[in-house]
Amino acid sequence: MPQPVLRMNSISKHFGMTKALSNMSITLEASEVHAIVGENGAGKSTIIKIMTGIHQPTSGKIEVDGKTRKITGPQAAREAGIAAIYQEPMVFPDLDVAENIFISDNSTGVLVHPAEQRKRARALIERIGIKLDPSRIASGLTLAEQQAVEIARALSQDVRVLIMDEPTASLSAHEAEQLRKIAQNLAGQGVAVVYISHRLEEIFEISDRVTVIRDGRHISTKPIAKVTSDGMITEMVGRDFGKYFAKTASTAQDEVILEVRNLTLDGVFEDISFDLHRGEVLCMAGLVGARRTDVALAIFGVIPPTSGSIKFKGQTTKFTNPRTAIEAGIAYVSEDRRKLGLAMPMAIKSNVSMATLDSFLSPLGLLKREKEGKVARHFIDSLNIRTPDVETPVGMLSGGNQQKVMLAKWLNLNPDLFIFDEPTRGIDIGAKAEVHDLIRSIAAKGGAALLISSDLPEVLAMGDRILVMREGHQMSIVKHSEATQETVMMHATGQRQEAI
Amino acid sequence: MKTALNRLQSWEGFLLCALIFIILLNVNLSPQFLSFSNFINLFQLSIEKVIVALVMTFVIINAEIDLSVGSMMGLSACTFGWLVQGGVPGGFVILTCLIIGVAGGALNGWFVTKVGLPSLVVTLATLIGFRGLARVLVEDRGINEFPEWFDALGQQGFVGSIPFAIIAFFILFAVLYIVLQRSGFGRKTYVIGTNREVADYAGINTSRHKMILFIASGLVSAFAGLLYAARVGAVRGDVALGFELDIITIVLLGGVSIFGGTGTLFGTLLAILIVLSLRNGMALINITGHIQTGVIGLLLIGSVIAPRIHLISIWRRLKGERL
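Sequence lines, in order, name chains L and G. The first sequence runs contiguously to residue 501 in the numbering used here. The second sequence runs contiguously to residue 372 in the numbering used here.
Extracted from the complex, chain L is given alone in its bound form (with noise of 0.2 Å):
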């Protein structure tokens, strides 16, 4: 039995009264993609932050290659060779690519070597198979393409255990096939790579083993040939998830609430033409550059469209600022919670009463702090939002919380069309359920929802309709009764056309 890379062993991690990790054990051995899953709060990050010495526990130790180590910081986590990605890519905007992958190389002495540092930047970016110029300034890089430049970064460095914390999240089907090459590769070669990932095809598709988590507890690790979805979603949650992918009734009425036609933003979309009805759910699918987030964008008055028409509640609508469509009763979810969505340091009412302020104000414009906060003890107890009152700051939930108070915010305004863009990217099973049921509900009372996913069972689960773009284009609009995962891509990717 060879030894294994790194051991955690009996690790608890206290903070205050909360226990985050309990006796957690977990060997990593080399040429392994290990997996672990578990619903948000369940203590992944945690683990992450340990074994990158971001955190410290407060009983266990860690073993590397038998030996106990303490790991201290950063720094002597990438002296031990553990590196990590994450979900949000930290890379520094005023710098370009090639700066970015050897920010903190040393190699070369006191002097940079530009031209040397792009070939070298060069031949990572091949490695993880896009096409990426290293001269480029990443500030006007896609997540996408920033979140190659942190494996990148992590490839430059000498790892030997690759924790990659949902690294696909924000990639196209595309970009995601190659990720998962990349980290099959690297085992291949001998790493350990620690997957966490929400996507649970991924996970049976790539890793070797998985170990769940729950409450901070380690519940079972297993070859991955002895694990089946079902009985991973029970472990995960505790109950049993099997009717989460179903599809309900389509509760669609005959009133057209929304009506575009040709929409066109000149050089990003066009000819962009479908009807929303009350009560229904329709669908945007396709891969990263689709333009679909642009297309939402324009009907919500953010970028003003070069030509085409938008009819909203029977009225031929020209919004030119959010303000108006959201008068007019529209809202819109933004997929980017910290930049559009939330006000981070603010409390949780704070942000619960944002886009409604008028409604609680008195007729000198006072606030009605009581209704606020009312108000916003409503939404956590509907929402089941984890919290331990309204006063928390935002930015102190995790991702999952995260997502409910930005939705709280939007159900406040009772808008007739909802815009929903990636409403359960990044946050686990649990609360996705409970996002699906949410936006359910809003379709049954009357409520439309335009539905922004590149997760496709969700596409599929939810949609009434689905309208796939590509490129800036419309594919199609497929009826829920006609589509399937293979469908969609076909038009998502542009072969059905091809075909034609």
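Bear in mind the hints are in silico, worked out from the structure with no lab data behind them. The beta-carbon is built from N, C-alpha and C at its ideal position, and this holds for glycine as well.
Quick look at which bits of chain L chain G covers, simulated, 3 or more residues with Cβ under 8 Å:
hint : region
1    : 329-340
2    : 345-351
Here are the simulated DSS-like cross-link-like pairs (lysine-lysine), alpha carbons at most 27 Å apart as the crow flies:
hint : chain 1 : residue 1 : chain 2 : residue 2
3    : L       : K50       : L       : K182
4    : L       : K248      : L       : K480
5    : L       : K480      : L       : K446
6    : L       : K50       : L       : K71
7    : G       : K163      : L       : K340
8    : L       : K319      : G       : K163
Chain G: place on chain L using the hints.
Here is chain G on its own, set in the frame of chain L:
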């Protein structure tokens, strides 16, 4: 109990302790310190600055800055002197000065919200521009023939022995305190200062909000310029020169983050009281003005560092208590 403790741990709590300490030192040096007349003298000497600091608190919480306030005070005071000297009736002149304040603020606001320039650059330009206009109007010769009632307003008691400017300050403080800490407008000020895009996407009219704040800043600066003219009884082209730095110092010392989103008007009030008592105390033991300025500068550095230490502890807690 817990909230009282939290409050003490906050920057305002620290300021309050510092203030009490400084006051005790001052009382020790001179029992006269706590007398009513000393209190009025203390305020009267810097009253124009502290009035403008109240509005500056809003501007900085909103993640903007207005460097042109000192020049606007000068422009307003000089316009007053110039028009009065030309024989225009006083009441009409005051109105004109306030309108100039509104127009100057609107100019700043227009460049920031419509053209999209950073307020640091815009108000640096108007700092120079407004000052230039003031100097053109009055040059360096000085004008001191004001109507008697105007001089009296600045130099004598308005209610009992309390001058008009101090009453105006406390009324303004009470109104602005309610606006910032209790009203929807105040909440929007914080939201926009924390993250303007989030505010935009939530349907808040961020451009109008910023425009209102710049206009308010111009108006109050013009008002403060008039108070200065009345108190001193004379104007010159360099009236209120460099006041913007003292004003911004007070606001930052009060715990308002230069990046916007945090701070309170109560913090600004404590900072005002600290700076005033400190200067007064140092004057009592014959420390010269330049050294006084140096001490205030050290305080400012401390105020920039201290909340940061506090932020680090919040950040640690944040990482530790992720739910």
